[in-house]
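Chains A and B supply the protein sequences, listed in that same order.
Those letters in the first sequence? Residues 1 to 320, by the numbering used here.
Those letters in the second sequence? Residues 1001 to 1177, by the numbering used here.
Errors might be hidden in some of the hints.
To be verified - Here are the computed lysine to any residue pairs in the SDA-like style, where the Cα-Cα straight-line distance is at most 25 Å:
no., chain 1, residue 1, chain 2, residue 2
1, A, LYS190, A, GLU259
2, A, LYS49, B, ASP1155
3, A, LYS48, B, PRO1095
4, A, LYS48, B, ILE1125
5, A, LYS40, B, SER1053
6, A, LYS40, B, ARG1126
If you're looking for bench data, these hints aren't it; they were derived computationally from the structure.
Remember, it's a predicted structure, so these values are computed and weren't measured experimentally.
Listed here are the chains, written in short residue letters.
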Amino acid sequence: MTVTAEPSAALRWTRRHLLTLESLSADEIRFVLDTADSFKEVSTRSIKKVPALRGRVVVNAFFEDSTRTRTSFSLAASRLSADVIDFSEKGSSVSKGETLIDTARNIEAMGVDVIVIRHAAAGSAEVLSRTVRCSVVNAGDGAHEHPTQGLLDLYTIRERFGKIEGLRVAIVGDIVNSRVARSNLWGLTKLGAEVILVGPPTLVPKAFEKLGAKVVHDFDSVIGNVDVVNMLRIQFERIKSSQFPTVREFTRFFGLTAERFGRCKKDVFVMHPGPMNRGLEISSHIADGPQSGILTQVTNGLAVRMAVLYLVTQAQISAA
Amino acid sequence: MRNSYDESDVRRIVEQLATRIASAFDVADAFNIVGIRTRGEVIAERLTQHLRSHKYTNIGRGVLDITLYRDDLSEIGPRPLVRPTQLDISIDGRPLLLVDDVLFTGRSVRSALDLLADFGRPSVIRLVVLVDRGGRELPIQPDFVGLTLCDVPRDHRVNVRLRETDGRDEISVEPKA
């Protein structure tokens, strides 16, 4: 048993909100990942619970559908011993025309410590953070960011390769509509990975090069020399018909098919944020195969969200 | 009151502590030594080395991070990095020696006991501390003490520095900065 000093050990976390990865420094990102390491251990115990957030209330305010993220945040909060309230748009006063801010202020007035928000409007989490006193965690705001997904992807890549710096990561598919792509792009570039965005010009505009990524419209030209392939879901609910040819054509040029997978590096790591369109952006036997990290991503998401909920509430205490 | 102890003092104190623990166990006994991060873990490791070199070979090892179990988070301010607890051993049914550097209010030990309860049920838990400085706020007492410091004023700190974490061995009583 050795006493080691992790590189991020000197940092003190001071952020009350987690809104974007764009706003975090590389050291802050590493700090969250290192903290998540400790929370991953909690999930291996027979009693998978710690008292760190006992007596605190976490509200999941999801104004858009979600299975994974909402469940993951709920479970993360319960493993920290917090009380969890699930709030969804359907069946709430939002359908009576109450505004986001009014809804949030009313939730906060009940004595809430953290609001986890998912909303279709980009910037909604940030607007909320300026009007409430409790912590706000962004669980996806439109096509803007999904920071905890970005963090869990970084965590999963780091766990697999032992590092992030110097890796070449392809993010493939519907980039323009993807908050996952943006959070991944910020996080990966800050930690020194090379990011290649792959897809048709309608879904991967050249403008992304300004954010530090390489934009490629020919998947086959990069397939053989990337370490990670992150296949995004085609978001039919956000896509305009003019952006997208046909499913068959998309699969042929940008899907991770068995044939294309055969030309990847031998130790390539395959990721997907879910939910998958099996057979469309990714073939089933690759998604379920030994080089897929898809379920590991989900497992790690829990540890990362525990870390985030813990850190933002600790920052409230130190700010008080 | 003496208020500083150097490298040779610390070595002697740890050796005496190890000797006293050894007299409480048989060489063939199976028991676990678990340190509280960070300096309790260093002391736990040194004690284990001593005991193993005296033929105590049935010792299991673990390390606790009690951050998530503390009741005084609001008084401490921003916390350093939470690190993993490593208890790969089964702690059930065997004696467990819980090791910390300084025993003061007893709140760290209380947190550690809560954490241990989530992992299992040792046959007995004994508390080992390098320094007991008094000032308890909970009904917790040590079983093995290296050095007892009486009458340390509450506005003073007892600083334990160890080679593995601080570059040198030293115990000193200093006014809080």
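| Does the structure break any of the earlier hints, and which numbers would those be? | 1, 2, 5 and 6
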